[in-house]
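One letter stands for each residue in the lines below.
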Amino acid sequence: MLFLESIKMAFRAIWSNKIRSFLTMLGVIIGVSSVISMMAMGQGVKQGITDEVTAIGSNLLTVVSGKISADGSGQGMAGMAGVSSVTWQDRKAIEKNIDGISNVAGLMMVQGSLDYEDKKTMPTLVGGEADLEFLNLYNIKTGRFLDNEDVEDKNYNIVIGSTIAKELFGEGSASVSEEATADKKDEEALGKKVIINGEEFEILGVMETESMSAVGMDANSMVVIPISIAREMYDTDQLTRILLQVEDKDNIDNVKQQVYDLMLKRHKDNEDFSILTQEDMLSMMDSILSLITALLTGIASISLLVGGIGIMNIMLVSVTERTREIGVRKAIGATNSNILMQFLIEAAIISLMGGGIGIGLAWVGGLLVSRFTPISPEITLFAVGLAFGISVFVGVVFGVAPAIKASRKDPIEALRYE
Amino acid sequence: MALIELKDLSKIYKMGDLEVTALKEADLDINSGDFLAIMGPSGSGKTTLMNLIGLLDRPTRGSYKLKDEEVAELSQKERAKVRNQEIGFVFQVFNLLPRLTALGNVILPLTYNKEIPTREGIDRAKSILDKVGLSERIKHKPNQLSGGERQRVAIARALVCEPSIILADEPTGNLDTKSGLEIMNILEKLNKGGKTIVVVTHEEEIAEYAKRHIKLKDGKIV
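Residue numbers (our numbering), protein chains in the order written: chain P, 1260 to 1677; chain S, 785 to 1006.
Watch out, some of these pointers could steer you wrong.
[As the list claims (entries may be wrong)] Cross-link-like lysine to aspartate or glutamate pairs, in silico, EDC-like; alpha carbons within 20 Å at most:
#1 S:K910 - P:E1264
#2 S:K925 - P:E1580
#3 S:K861 - P:E1672
#4 S:K808 - S:E789
The set of hints was computed from the structure by calculation and includes no laboratory data.
Same shape as in the complex, but just chain P:
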């Protein structure tokens, strides 16, 4: 009865100061919605990667430069930039010596510049080969991928990512986002000549929009050129990755060992490379993403702290304003703890309402993000529960000081208060 009555009283107090209560809630609303959004975003990206990796299949092995332990620690992704110890010769040796491999492809990532008419962009250039297509990493939307002939004959052909396609051919139309228009733009791109590092290339195909790439970069802003041309252009045999597909999934450990032995022999017992399964890649990505998510969530929770301070501030004002009410309540039989509970419940309800609205806001924000970007944020039940927990916690923690102040008021003084 008293508890219910306190809740009713709290709503009455909040309602009678609508604007003030809302402004107080705003701090919590912003705090909770940003915390939830960050968690949802992290979860969405993680899910996207997991899906992609699962789609590629678990029979893929990736050879990269540098010693990387499976949990993502160690000297990390050194192989991504700078000098790579994995070479074209390694790739050839693997193809020649290892049995049980259905596809193998070397991959070289470099920065380059691309010109089309008066437009200029700086895409990630990927020196690739025909087998990449069978590795399920990229899916062609329009046109075709590079084939063996393109690579062997050094044909100046390229395949471009969807972002690049949009950048070069998508402009001038307000309704780019509409599927039909986008398709038409892609069709237009086929056969167009672009200049990369001073050489003329012809666009063979446009890739599907990928939410996230399992290879660890944005596939949408990539341009794939034949690796033979890339090797000449940049005068290097260094590869960013060697990708191989094992024929029989159950044989993957055996193949991995064979590749390891071969690589170790070729690198003269210097283990300056790593062979990762998709599971390794996944757990690496996972730990990096978790770290980033935790960091962003941490930053977002600062706003929650500010929201809590806002509640405390307004509750202190409210206690002072209602000094006489406190006096009356005590005179008619309220104990100190009755008064304490009343103000505590009020603070918790303000915070909880803020939390509820914040979750709603994060949900709407999530819908917008998934509508306009390739990321689809996922608000988990855990995140919602956490947000509610945090809001109550914030309300109670920051409501305690004002509530104690209220409960300790001397009834005689309080009744005399003007």
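Once you've looked at the hints, dock chain S against the given chain P.
Only chain S this time, still in chain P's reference frame:
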């Protein structure tokens, strides 16, 4: 047996090094059914005595027996319970909560009373409001009521937990003469029905309603 027995009751306020004796060794018995007027000029200790009787304040020394039980040393929580169940306050400035309706204000003490079920309490509040002539105005907020009506709501609030004593501190101080007399008539009627009433006032006219008078001067009963 007296309803209230005060013996050697003193209240001393400390203001830095200075000690101010607000009430000095007061002896006072109030019997059930009494209608007592406490009179005296301002600063004579009327309000201090009232606050002590109403358990809003603790005496510095002395004994206070309510229904033969010593209440001077009760804890904060126990005193709140006694205030809720045994004492009804009527203030000079009404002290109604502005957000609540007349009925809401009257049932407010029931919030803190575990012994009376809500349903019963509400019925009781309505019948008391009817008795003080406000049955038409139970849904009105205090700012929609006249001063006299507000004080009648306050009296109803004081009565709702069926206390043994009503303490009224200058109940007519903020009212015009006519409303003031109405309020005193209500208190008189309650007294005739058996309620014990203590009124603090400095107006002779108001004090005349009481059956017994005490005068305070410089913290002493004279």
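Quick rundown of the hints versus the structure:
1. For a cut-off of 20 Å, the pair hint linking K910 of chain S to E1264 of chain P stands: about 19 Å separates their Cα positions.
2. Of the pairs offered as hints, the one joining K925 of chain S and E1580 of chain P holds, with about 19 Å between alpha carbons and a cut-off of 20 Å not exceeded.
3. For the hint linking K861 of chain S to E1672 of chain P, the alpha-carbon distance of about 18 Å falls within 20 Å, and the restraint holds.
4. For the suggested pair K808 of chain S and E789 of chain S, the alpha carbons sit about 15 Å apart, so the restraint of at most 20 Å is met.
Hint compliance for this structure: every hint is met.
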